[in-house]
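Enquirer: Residue-level listing of the chains:
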Amino acid sequence: MDGAERPLSKWKQPLLKLRDRLRPSGDVNLKRLQRKRALFALLTRRLWLIKFTLFLAGYLWMIYIPSPLWGRGTYIDENALQPAQVNTNWNWGDVHAADRHLEQLECIRDGNWTSEQRARWLKEEFGKHGVVSSTQRYSFSTSLTTIHGTNAYAVLASPRHSGTEAMIISASWLSRSGEGDGTINIRGVSTVLALAGFLKRYSYWAKDIVFVVSDGYLDGMQAWLGAYHGSSQSGLYAEPLQFTSGVIWTALNIDYPGHSFSHLGVFFEGLNGRLPNQDLINSFERIARYTAGVSVTVYDHLDPRAEPSANKAPWFLPQFIYNIPEVKGYLYQANNIVRHAKYQASGRGSGVHGLFHQFRIDAITLFAVPAMGPHGFHAIGRTIESTLRTMNNLLERLHASFFFYILPGPQRFLKIGLYLPSVILISVAMMFHGLSIWSNAGWVEETLPTEKESKVQSTTKWRRRRRPIISALCIMIATHTLGLIVFNIVTTPWFMKNPQALSPCMLVLGIATPLLFVRRVGTDVGSAPTFMVLKAFNLCLSSTVISIITLLNFSLAASLTLFLTPVVALSSPALSAQVRLIKYSAYASIAFAWLLFHQSLVDVVWSWQVLSVWLAPFICIVYTPLVLQAAIVCSLPC
Amino acid sequence: MQFLPLTRLTSIPNINFTAAFIALVAARVWLSLTDLSNVLKHEQELSSPLTSFSQLQEGIYLFQHDIDPYSGGSFRHSPLLLSLFTTVLPSSRTLASLLWTLNDAVGAWAMVEIWRARQHIRSSPRDTLIAALYLLNPYIFLPSVALSTSSLENTLMLLSILFACRKKASAALFTLSFLLQLSLSSILMVLPIALLLVTDPHSHLASPKALAVPLKALVSPSGEFVVYTVFLTLVSTLVAGGWAWIPQTWGATITLPDLTPNTGLWWYFFTEMFDHFRPFFLMVFTTHLLIYIVPVCIKYQYDPLYASFILIGILGTFKAYTTLSDPGLFLSMIAIFPEIYPHMRHPIVTTLLHLHAALLMPLFNHLWLTQGTGNANFFYATTLVFACANAAGLVDCMWAGLRIAIGEEVEGWAVVQE
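Those sequence lines, one after another, are chains A and B.
Be aware that the first sequence starts at 1, since it is given in the numbering used here, and climbs by one per residue.
Be aware that the second sequence starts at 639, since it is given in the numbering used here, and climbs by one per residue.
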């Protein structure tokens, strides 16, 4: 009796409270309902804070990605590779052979041989080394031009295996320096020829080695690979290959345009944002460093921390701040990542190796960064020989989890968990924003005047209202259809032949057309304004698109968070009709701004028609309509 | 009491149904004759090993060359399909495309008729919308363009329900037993369709009451169903020239010999399973499907059409070897029940889940099998998202179907589930 009246001991009180929480007295349903309501109220009150935090966290994370403190050192995941464990046989005699080939190639270059003659000569040279060789003619017709060319290739049959697997050594006739502006990859081609003679002498190859000297920059290899894999493509005529081999697992593309080189740069981004397995890059990096003694860089960027020549502060930074090692490291890595993002987001990849990825071949380009020395044929030959030995060790296709990464430096990488969340956080914030607008559209606050004790008071009451889903969906479908029509017009030959004249007309038409069907949108009395529902849907769809693109092409998704998210999140109608029209025009101009960049437009359409890079359809059918929807949100009455 | 959402009906513009229907079918015919069919024919989301047209063609080829197609292990279609496609039906791709479109048109028509029977009206402005939601639902038309036989199963399902709504017992039960020959999992539908035959298809969701007819009334439809099933089984055996077809077709649904990825939940689970656990979990997965029949039919005993709808949703989510058209049928059928819309709790979440799943499934399938940068877990994860989307829709429909009976919400009161 008196136990209950006695003040509870200190340790009993929280226990009883806990018991009360777990097994509440009274109506359980009521408790549950109250708890749920309290939680909802808390979330709703703090929703703007949650959204803001998510946006901020996402963008800050993105800024933090290039930090030298983020990520970890690269390592070899596939034990079978065993890079840099062999003695190399490439010696000064082979360098001499490469020099002989170089002399002949210089004559060919100066004699302005046609690609047909060149390919025939290359075929004969391969033949002289005792490797079966052939040529392949091809032609591409696009909206703009027709390209003709001839590839030369040779197949070295594996002495130890049945020829079901192969690896490729390739060089394109045009170098990647200047993105195929006409610099000839003359030493790259000589290296391939000399390697054909050299590799033939050894008996330890378990895979066929295919040597390809492709014509042009990208087009030759695209035609050759298409013919090798039996895939057809509209606008492409390619002769069938006379000699083929087995499944190609890995490929090395050699690009050596200058006289000699200081570093070997690695280029790895493929078509449509596909990356090669990181083990290939890591093996090559270790082999170059330990076997040939050549430093590897990412692209042709030199690390300012190691190379005094690159140690220059950018214009916007005073030297003393730049000299802080972390700042220097951050800027170097940021430079690499921005370049990576450009290659990946454009979908066109960073060179000839990118074409291999579409057939599931892991490939990279070794780029001999032009310099006054100290390296030449000797170093590149040894590196390639040892890398081939490593690739020769593979028992199965490179498969470990190393397909999603960012390479801020040659010996550092960010795995997927360290960069993906930045974009996902932003996309989640957009989704929350859209959902909150959606739920706001469903309710309206009504003020009811009530008379109480001769004082006029007003109480507010929430009333449900209908949401015009159908008209919002119709607007969205209409904008995407408009995008499809624009895409079909832009890819026609007559548009491609004179984009200067036609794209301003297209711009005006694109901006004006939506106004025609937007005029018909009316608002029913008592239902939510259309702009709210449209904006909610627009945000949800944009968020979905961004989060889904992340795994396919992270750089594209990140670019969307920079160029699409602010536009979509900030769109809102104005009270006066003039302001609405001005806002609409500004937003719609953002949607169609790409029409004004003629040269890039032609390039992007070219890479769609020749290389099936889906950036052009993506921009026309996804990006532009999403921004147009935001523009229409601005133009609708509130 | 019948619930007629008149306010909704009036807001839909009155379009001539016949003209609109013909236009919709014409659009589908155009779509089926484009190159899309060739692009989609090997998509794993659209046709499973049990419904793939390529495998059907292979079976037909073997059958015509006097080789038992069931001895090989890759042909898993019913002997009835084999006999139809070797005699009356075309097996060339172009003609088959037209046939599949026609089949979908019949399905859409059946769905409109089910709606009319439920509302007890001859025509309504909503008819066009219902037909469009069936014919233009991507989950329905993509498998159909890919010539998956699951489209045929959907039409048979709708026809069987339609005949049951019209009290044509023999037609309904024969169609259902034919459907059972094609897909063993449709055994789930026997009880709700028998209930539908002895009651009426009108909406009683708002006024629940106990089943008025005695359970004895179910005996004769069930008996008739058994007779038809035995008959068709014998016909199948006659066509196949032995009993070997049973383990190859029906048996595959239960023993899951082919682990080709699909949109369902079974394949990955049994890929990862140790062999000595296999029989037990096969039993669990199969029984799991069956346990829903009786509770759903008891709960919605006053509205067996709604019970059928819920069970179709369960089939689309949980059965073995699903394709997109199984959940697609459930989603399109939501159009028949507009009375539940105001009571749905989270339609936007379900829609967004479906949007994510529908975009991620082909993408991750591509990353895994074409591009080679992903692996099986990627695709499996998206099928989980898809299952969540289907389950969210299903649970929401179940809730809304029960919630109507409580009536409009009153200020200061809340409805909770005990």
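Keep in mind the hints are simulated off the structure, nothing from the lab.
Quantities reported herein were computed from a predicted structural model and do not represent experimental measurements.
Some clues are possibly wrong.
[Said to hold, decoys possible] Chain A side only, calculated, beta carbon under 8 angstroms to chain B, not exhaustive:
(1) 29
(2) 35
(3) 46
(4) 49
(5) 271
(6) 413
(7) 437
[Unchecked claim] Derived pair list, reagent style SDA-like, types lysine to any residue, alpha-carbon separation capped at 25 angstroms:
(8) A:36 x A:9
(9) A:200 x A:69
(10) A:415 x A:428
(11) A:461 x B:1007
(12) B:679 x A:233
(13) A:415 x B:1007
[To be verified] Here are some chain A residues the structure puts well away from chain B; computed CB gaps all over 12 angstroms:
(14) 57
(15) 89
(16) 124
(17) 360
(18) 435
(19) 438
(20) 582
(21) 599
Idealized CB from N, CA, C, for every residue including glycine.
Enquirer: Each hint needs a verdict: does it hold in this structure or not?
Expert: Outcome of the hint check:
| no. | hint | in the structure |
| --- | --- | --- |
| 1 | 29 | holds (5 angstroms) |
| 2 | 35 | violated (12 angstroms) |
| 3 | 46 | violated (20 angstroms) |
| 4 | 49 | violated (22 angstroms) |
| 5 | 271 | violated (10 angstroms) |
| 6 | 413 | violated (15 angstroms) |
| 7 | 437 | violated (11 angstroms) |
| 8 | A:36 x A:9 | violated (32 angstroms) |
| 9 | A:200 x A:69 | violated (46 angstroms) |
| 10 | A:415 x A:428 | holds (21 angstroms) |
| 11 | A:461 x B:1007 | violated (55 angstroms) |
| 12 | B:679 x A:233 | holds (19 angstroms) |
| 13 | A:415 x B:1007 | holds (22 angstroms) |
| 14 | 57 | holds (21 angstroms) |
| 15 | 89 | holds (33 angstroms) |
| 16 | 124 | holds (37 angstroms) |
| 17 | 360 | violated (4 angstroms) |
| 18 | 435 | violated (7 angstroms) |
| 19 | 438 | violated (6 angstroms) |
| 20 | 582 | holds (32 angstroms) |
| 21 | 599 | holds (30 angstroms) |
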